[in-house]
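Novice: In the order they appear, the protein sequences are chains A and B.
By this note's numbering, the letter at position 351 of the first sequence is numbered 351, and the numbering carries on one by one without gaps.
Counting from 1 along the second sequence, just add 503 to a position and that's the residue number in this note's numbering.
Quick caveat, the hints were computed from the structure, so don't treat them as lab data.
Don't be surprised by glycine CBs; every beta carbon is placed ideally from N, CA and C.
Don't take each hint at face value.
Said to hold, decoys possible - Distance windows between CB atoms, simulated:
1) ASN548/B - ASP264/A: 37 to 43 Å
2) ASP264/A - LEU561/B: 35 to 41 Å
3) GLN402/A - PRO528/B: 46 to 52 Å
4) ALA585/B - ALA276/A: 53 to 59 Å
5) GLU356/A - LEU563/B: 36 to 42 Å
6) GLU572/B - LYS296/A: 52 to 58 Å
The chain contents come next:
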Amino acid sequence: MSRPDIAYATASELAAGLAARQFSALELTDELLARIAALQPVFNAFVSVDPDGARVAAKAADAARAKGEAGPLTGIPIAHKDLYMTEGLRTTCSSKMLEHFVAPFDGHVVTLLKQAGTVLLGKTAMDEFAMGSSNETSFFGPVRNPWQRDSVPGGSSGGAAVAVAAGLAPAATGSDTGGSIRQPSSFCGVTGIKPTYGICSRHGMAAFASSLDQAGPMARSAEDCALMLTAMAGYDARDATSLPRPKEDYCRELVKPSTAKPLDGIRIGLPEVFFADGVGAPVVAAVEAALTELRKLGAVTVSVTLPNISYSVPVYHVLGPAEASSNLSCFDGVRYGHRAAHYTDLLDMYRKTRAEGFGDEVKRRILIGTYVLSHGYYDAYYLKAQKVRRLIADDYQAAFTQCDVILGPTVPTTAPLLGAQMQDPIKMYLNDIFTIGANLAGIPAMSVPCGFTSNNSPGGLPIGMQLQGAYFSEAQLLNIAHRFQQVTDWHRRVPNIQALGTK
Amino acid sequence: MALSQNEIQRIAHLARIEIDEAMLPQLQQQLDSIFGMIDVLSKVNTDGVSPMAHTQPLVLPLRDDKVTEPDRRDHYQQGAPAVQDGLYLVPKVIE
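So that you can see chain B by itself, here it is in the shape it has in the complex (with noise of 0.2 Å):
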């Protein structure tokens, strides 16, 4: 399976992240070998076979509807890039 550069720059975008248009050949060139070693899988029988999410059979834990954590919102937003007043800063999103 070959991906298109635009097919590429369609998962970034989904992705959220940008690629540079010069990097796209090679990213390309590199995407296509990965997919070389994985599409090896469409070929093996899996009729009836469940997919397997996880190793051990596990349930769900529940707790009781208790307050555990104390707040510690400012210790927490120190390692944050813009905060104020109490609340994450992210760019203007509604005009």
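So that you can see chain A by itself, here it is in the shape it has in the complex (with noise of 0.2 Å):
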């Protein structure tokens, strides 16, 4: 066996890697943290980094092997979004107000990967408080996309997907409330699902819009998401909507031998909708594409519709606000985080803080939650909302009885150049119309890359297809990915960083 490319393989063969002992998970932490050091100044993708943190856990994953108590994700080293609180290591959500937070505990997600063996390399920039789909709103500044530098990540998981794409983590954390981990996955060429809301316990991950958000895993093959989302995923009490189901095992249909028909039978829905006008035509032409080798292994393709999907985007925007409104109330300079310097009383305290704290976009969703939900507009935005959102959940539901899944682009277009959407907002929100559904209605939902805007990198951007699935169907969407990319290697496609003028 050789040894694997430490910067681009995926976590399944630096696992097989450390079990063969070809390295240590020291020094696979070492070489790791060595490119996160010197590729940070270009592309920004970390808030915080802990290389002490990260060598002590190497360590200990690599006595544990010694001992043979290692586990398939043991010394595998990771990165968490920075909006999962990990004790000891600050937690900022890419905002001003959290510049110092350091979390007084680990969010159960962190512990759960933290006994799985992984090594924190350390926190992902995002979105402010996860609020953008470019992550521009970052008080730390914008995030650079791998595969041509003046071009957005996407978000909010935008630094989770640039560690994965730039080869500087096997796989990260993300979060997902319309979008975040699909869209960013989509615009890099990483693989990331969204699992069905209730899966992972949001205990310790900073909340935007409770009923929406939802943490999943990235990584560069739908093994490894695989591989992730069994460590994740799991009842914790301390979450009042994790759901109490048994642990499952994610990988259980992707380890069964391979055929020349694994998909045989598998119906792909596919509506009009995600294939209309205003979607992009190198997006169309890579999930058509992307189609023909589903079909070859074996997949039928119907036609279903989803006819209140165009209402998703208006919908998410009263509904995510009015959580968020809800939720932010509790940045109020007393218990944690910023608090201004000068003011005259208590209130004033309160309105300087969050004006200081907050930035632009926070500052407008707050605004519009806090109007949707004050007396007199409750029935017109928040209650009207909460009913089409029923509408949009049923039209899947329907779906689901006449396929097993929906395919489309996860998103109308590739990256867009930093600095494009900063100046209308609208244009931001409307490319996610492709991905808030599956938050709306609570399925699970995967990006996969499926081709590029040029074969010729680079210049050429990452395109991803969306896999939707009916509740609890991670384990048949990872292995339709896995099954595609066993034909495909999109997934295996690397930025070539050199030619962008680094060592």
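Take the two lone chains, each set in its own frame, and fit them into one complex as the hints suggest.
Specialist: Encoded structure:
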């Protein structure tokens, strides 16, 4: 077995290398820490890096392996989106409000991945409080797309996507409220899954919109996502919306032997709206080419409709801000985070603290949320949006009586240029049209690399296809993506970072 | 729907966010365009549709009335802007 390229190997390949003693977890960690140090000035993917903590964890992983106690993720370096609480390592949500905040506990997902033996390299940049789709609303400056440095990486889990795409970490956690795992995965050419709402505990994740937020992994293959999700998922009494279900092995379908037609009989639903005008021609072409591959593997396609999906963006921009305005009321300069230096009285302290601590996008959403929940407007906006949410969720349930999974582009476009959307928030919001529905319905959905705008990288930007499934169909989604990845190599393409002027 | 600058200041007060007067025209324009996008919902027929707050049928979990958490007050207060004698300090509220 040859030694894998540590920068771009999958977590599964690295695990095999660790098991074969080709390198230690400490050597693996040190090499990735060196890459992070070299490339942080270029991509700005991390908010905090923890070399000391990572090396301690790596040594512990090596010791566990020496004792014969290694699991599939023991010694695998990962990064957490900077909204997961990590005891002793600051958690900023990429906000000035939490610039110096160090959580007094680990979030549940952080604990589970720690118990699985992973090595935490650091915390990745995000849109402030996960509000944004470009990573440009971060207090710590924009993150750059490794495929084209003047393009955005997407968001809100943009730093996580870049960490995986640029060879800084084989896998990372993200969170997805309206597409924040899938859209940056699509823009950066990585694989990411948002599981069914309630599968992963939200304990110790800074809340944006509690009825939509869900944790999930981002990695270099569906196989790695399955490994990560198996470790991350599980009931937790500390999250009242955590679903009391038995622990699942999300790798169970993937490990079955491959046949000529591993997807025989799988019905892929194609909503016309996912291929309509406004979707970029290279995006449609790449997704259609992927469909050809999936048909060769035995899948059949059927036409389905999602009649109310176009309302998902407005519904999201009522419900998301409403929940956010409530969740973010805890940032008042009293118990944690930023407090204004100068104020006249308590009310003035709140007002100035929040004016200084929050960025423009977060303030806009809090204002919208406050308005739609305020007296006289609740029925017209909030209640109305909750009703249309049910129509959208019902559309999905009806569609899944005719198909096993729904497929389309993850995003209508590839990654836009930095700065292109900041003056026009609506333009950015509308780009989330294909991803939001899965959050509103609470169903699992993933993004899988399926092509590039140009096959001659650099110059080409990644394109992702989205698979959406019925509740608790993660193992099936991951299996379809895995079988696709066994016959394609889009997920293994790597950006030409040397051509970008770094070593 | 158009929000007046007075309305924006009223909401900002409810949200406890100070808004710079100079920023109001731009903010007004942005909120107008967002509400313009949202207002399409008013045309959707939702007669007889029950509002959906959560995607799964949730039952409020109950637990035994037992102390499960240790006292970690000092640890939790380390990140607070101002504390004294184990209490959070805020500006004087009652004269």
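Novice: Against each hint, give a clear statement of whether it holds in the structure.
Specialist: Verification of the supplied hints:
ASN548/B and ASP264/A have their C-beta atoms about 41 Å apart, which keeps the hinted 37 to 43 Å range intact. In this structure, ASP264/A and LEU561/B meet the distance hint of 35 to 41 Å, their C-beta atoms being roughly 37 Å apart. For GLN402/A and PRO528/B, the hinted distance range of 46 to 52 Å is satisfied, since their beta carbons lie about 50 Å from each other. Between ALA585/B and ALA276/A the Cβ separation comes to about 55 Å, which falls inside the hinted range of 53 to 59 Å.
The hint said 36 to 42 Å for the Cβ distance between GLU356/A and LEU563/B, and at roughly 37 Å that hint holds. Between GLU572/B and LYS296/A, the C-beta spacing of about 55 Å keeps the proposed range 52 to 58 Å intact.
The structure is consistent with each of the numbered hints, conforming to all of them.
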